[in-house]
Structures are given as C-alpha cells and as structure tokens.
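K.L.:
Given next are the chains, with one letter for each unit.
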Amino acid sequence: MKEVALKELLYKIADDQLILGHRNSEWTGFGPLLEEDIAFSSMAQDKVGQSYALYQLLNQLGEQEPDTVAFMRNAQQFHNCQLVELPNGEYDFSLIRHFLFDTAEAIRFDLLSQSSYQPLADLAKKIKGELQYHTLHANTLIKKLGSATPESIGRLQNSLDIALPYALGIFEPSPFESSIIAEGFFAGEAELQKQWILKVDALLAQTQLKPISWPTVKAIYGGRNGQHTEHLQPLLDEMSEVFKIDPTAEW
Amino acid sequence: MYGGGNTFEAIRTDSLAQEDPEKLAAFEAKIERGEKIEPTDWMPALYRKQLIRMIEQHAHSEIIGALPEGTWITRAPGFKRKLSLMAKVQDEVGHAQLLYSAAETLGKTREQMIDDLLSGKSKYSNIFNYPAFTWADSCFISWLVDAGAIVNQLANAKGSYGPYCRALERICAEESFHLKYGHHCVIFLATGTDKQRQMFQEAINRWWAPMMHFFGPSDKISAHTEILMKWKVKMGTNDDMRNQFLDMYVPKIWELGFTLPDPNLKKNPTTNKWEYTEPDWEEFKRVINGEGPCNKERIEVRRIAEERGRWVREALKAPQAAYVTPLA
Ligand SMILES: [Fe+2]
Ligand SMILES: [Fe+2]
Ligand SMILES: [Fe+2]
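Read top to bottom, the protein sequences are chains A and R.
Each residue of the first sequence is one higher than the last, beginning at 1 in the working numbering.
Each residue of the second sequence is one higher than the last, beginning at 1001 in the working numbering.
So here's chain A without its partners, still in its complex pose (with noise of 0.2 angstroms):
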C-alpha cells in the first residue's frame, strides 16, 4: 500500500514535468523573440530532465525502464494535469501556464525536500534550484507583460481566465492522498493549493491583470486519474514515432 501510495505521486509528478516540457520545447524556432525561444528551451530541458531522473527512482523501485515508461504508454495511463497537455496556443497562454504551473512546481519541490523517502527529498533539493530560474523567468515576464499594454495586458487575462480552472487541476487529491500524508512523502495537493493561491495572489497584485475570485473558479479534474483532453493521445504518438519504429532497437 505505501509502495503504491508512493509511485503514485511520483507518477503524476513526472508525468507533469515530461509533458510540459514537450510542450515547451516546442517553441523552439518560433518564439516571439530568440531570447524567449532560449529560454523555453532551457526549461524544457530542464523539466525532460527532471522527469528522467523521477522515472529513474521508479525504476528502482522496479517499475519499467525510463525510456519504455515515457514513450510506450498510451494517454489512460498517464497521471498528469490537463493544464500541461493542452497546446501552446499563443505566447500569452504558454506564459500563463508556466506561471501557474511552476509557481506550484516550486512549492511542489521544496515541500519534497522533506519528503521521509530520502532518495525523493534528495532529488527534490536539486530541481528545487532549477526551478528558481523558472519560476523568476516567468513572474519578470508576467509583470512586465501584465503591465505593459492593452494588448498584453488584455491577452494575458484572457488566457489566465482559460488556464484557472485546469491550474487547479493540478491539486487533485490522490486516492492516496491520507497514505501519503500520513507517511510523511508529501505534505498533500491541499496544502500545497493553500500556499500556491498565496503565491499567485501576490505577484498577480503587481500587475494590472484583475484578482481572482478563488470561490468562482471551478476546477476541472480527471487528469490524475487518466482522464484526459484530445490533446494527450496526438502529443504522445508524435514524441514516439520513431521509438515505435523498433522499440527493440537502440537509437
């Protein structure tokens, strides 16, 4: 049961930074200026890299191989939010989504560092750093913009209202939830949505974009559990269609 409760978390965690790093990495070539297609890059390198190193504890924990968890599941049996599998859409959603998302990420990670599986609050120390950089790359970014113009100050509302309730899908509670508290791997998704509003709160309040009204948003679940928009399925047959040519073959 703890063994389970354990992968469960880890699961969902990679899966997220695997995803949205994809996502991210996507931008490359296209980015609105060459320093912003840099710097989505440097994240998504980061978060593949962050997602490698989760499987890798998985897989001493004697799941499968790292290359053969990512590239041969099908969408159901991934665990991560919706808010990282939804396309990039314009400048503005993508910079809204890595706002929300690695403000959470951050809380996410510095809470792990204390996580009682050792090789998990280990890990958690290390991407806690990286996560700096990103999470100061998108709070520079979302209050110049937030600030700036009437159109970036109307794109980055309009995109916020989007992405809220998927953000707080990121919180869904686990099956396991109590298993995990109770063990001391986590301090829990409610927890960590009580300290992230905080965080989205104040840096949104240096902006002019509006506050949000927590109680008016309705948070869209399903992804923890496998339940996923169109967009998963697509994303996932792109990153495999060479590994599938031959999962056999080194590459």
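One thing to keep in mind: the hints can contain errors.
[To be verified] Here are the simulated lysine to aspartate or glutamate pairs, EDC-like style, with alpha carbons at most 16 angstroms apart:
| hint | chain 1 | residue 1 | chain 2 | residue 2 |
| --- | --- | --- | --- | --- |
| 1 | R | Lys1080 | A | Glu65 |
| 2 | A | Lys144 | R | Glu1314 |
| 3 | R | Lys1049 | R | Glu1104 |
[Said to hold, decoys possible] Below, a sample of chain R positions facing chain A; criterion: calculated Cβ distance under 8 angstroms:
| hint | residue |
| --- | --- |
| 4 | Phe1133 |
| 5 | Trp1135 |
| 6 | Lys1232 |
| 7 | Leu1265 |
| 8 | Ala1315 |
Because the hints were derived from the structure by calculation, they are not lab data.
C-beta: ideal position from N, C-alpha, C; glycine also.
Fit chain R with the ligands to the known structure of chain A by using the hints.
P.N.:
Below, chain R with the ligands without anything else, positioned relative to chain A:
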C-alpha cells in the same frame, strides 16, 4: 550551422575609388599584420557591406537551420536523444543571437536583418531549403551539415573582424558538441537494425547533393573574391572548403559501411584532392533564388513567428516594462 561567406554576386569594387587612400592603406596593413578590425575602427564601405551581408546570412542560417531539426525534437527517440537535440537546437538559436549582435556592431539592427530575411533580400544557407523527412535526416544534419559548418567557421574565425571572430570562437566550441552528438546518432543507426541502416543510407542519398552545394559554386564559376580574401573576409575558396570536408568525412562515412551516391567520388593520390561529379550549379541557383522544396515554408514559418510575437516585443518596449534578459 553554416558560416560560409558564400558570394553569390560579383563584388563591385568601384566604391573603393572614393576611399581615402591613406586610411585604406593603413587598414590593409593592419589586416596584413594579423590584427583585428574593431567596430569603431575606420573601414572601407565595401568591407562593412560585405561583412554585414556575410554575418547576417550566417545568423539567418542558424535560425532557419533550427527549423528542419527542430521538428524532430518532439519525436526524438528516447530521453537521451530528446535532451541532446533540444540542447543542440537551442545552441543554434543562441548562435543566431550572437551573430545578430556581431552584425549590429556594423550598423544594421536585428529588426532590419529579419525584415530582409522575410522579404527575400537577404539569403541563408541553401541546404535548409530541403526537407528532413525522417529521424535519419535529422541525424545527417546534426553530424554532416554541422561538420561542413565547422569547416567554414573554423576558417572564418581567423578572419579580420574582431566581433565576428569572437562570436565564432564560442560557436565553434558548441559546434564540436553538435558534431559528437550527430556522429553518435549515426553510429547507432549504422550498427543498428537493417531498417535503421537503410534509413540513414536513404538520408545520405537525399542529402548528398545539397551537401556538395553547401560550400558554394565551384571556383571556376564563382564570383571573384580576391579583395575579400585580402581583407580576410573570406578565408578560403569554396573548392578548398569542400575538399577539406570531403577529406575529413568521406572516409568516416565509408567506414560505417554506407555508400555515397557519386560513382566518380575518389581521392586523387597525385594531387591529394578529391574528385567528384560536378554538382548541378543551375539547381543550386534555382534553390537559392527561391525555387527549392522548402523555401516558401521556411520563410512563412519565420514570418508567422515574427507576426505572432509582435505584441510581445512591443509590450516589452513599453515604458512600463523595460525588458531585462531572463536568466533561464
Ligand atoms: Fe550553429
Ligand atoms: Fe544549451
Ligand atoms: Fe550546430
């Protein structure tokens, strides 16, 4: 990527008659002594013009070159390849950034350069007008197109313009990582299944002609570039560069058991030079001038990216939002 200093049109030297002969002599003596020309130094208008053209073309080649490989980032097989290819293509975008800055020191802004790219006024390396159909094509680019670029770039790094040389030194260091990555990918295809070997052989067959074109028209037919050689803007002839590339890489390709689609390709033991079927230079010209399989698509992608990003660039220029380069 790239860095060829290819010259597609004849150089008009008439403007030289208007230059101050004493300054010109001092400028040429400085280059002759092996010293670098810096942005605030006096330079002939023709030197400035040719350098802008060359560095700008190189910068464009880096961002356009990111496109055919970039489409394979999302499909790279396995974590290691995915991570390396992301880093590699990111480097190429970083090279564009460095090179645009180097060209800006000569008085043309990045915006003007991008506008000229989109209008077709300014060129980029011809090879990126061909499609990368398979994973093996992306491996061909990472290994051999980057190898060709390194041949050009190492030569150009010894040129006379300080900012370009310094940018190239950094770029060459990163390119050697690309080359290793590309070679590694190809070794895995070469030693893999029949299907994998076949994929790479087909990539070679598709890419060999563009690769031969990569170094520019044969010396017999290319524009006269003596003055550019004297000023150390161009550091070697097209045929010299091509020969260096063939010398370094044909044996490696053969060693892996692949064939090259040119029955006349061989090294002449007396001259020590490679002989080959003369590439189709009419085809080269057609592609350079917009008739290649992907010219329209490449420019269109760039144009859309520029257009979709305009609001971001404008907002970052707004007084409420002075942009600071992000650290990530
Ligand atoms: Fe490059
Ligand atoms: Fe990099
Ligand atoms: Fe390269």
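K.L.:
Return the numbers of the hints above that this structure violates; sort them in rising order.
P.N.:
Going through the list in order, the structure violates hints 4, 6, 7 and respects the others.
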